[in-house]
Amino acid sequence: MPLRTFLQAKLHRAIITGAEVDYEGSVAICPDLIRAAGFHLNERVDIYNVDNGERLSTYVILGEKGEICLNGAAAHKGSRGQKVIIASYVQLTPEEIPGHQPTVVLVGADNEIIRS
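For the sequence shown, the working numbering assigns the number 689 to the initial residue and increments by one for each residue that follows.
Check before you lean on any hint, since a few could be wrong.
Unchecked claim - Here are the computed lysine to aspartate or glutamate pairs in the EDC-like style, where the Cα-Cα straight-line distance is at most 16 Å:
#1 771 with 755
#2 753 with 798
#3 765 with 734
#4 771 with 798
To be clear, the hints were calculated from the coordinates, so they are not data collected in a lab.
Construct all of the structure, not just a fragment, from the sequences and the given hints.
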């Protein structure tokens, strides 16, 4: 049976705190948010900009407390103060699908966890 792709985890409506073009690439994410979502360093994530509709794929690096910083080419896709959804996905067998529940972390204005 083929694997199917499902949402694994997401940070919902995090706020971009910075955008650094002169960087190799990636998204720096607050350690608390990485932990709450269950993301791993260097894991691929998709980022959906709620304010301008831009979408991109990159990977997670460790940021400072409260930080969501788009780096490298990703910095052109968003700017400070814009809201984003950061999502990771997992491939599941048909047997794994019924029991799968994604992790959803609702994020507040200062990138604090409202609910997970």
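Can you give the numbers of the hints that this structure goes against, from lowest to highest? Of the numbered hints, all hold.
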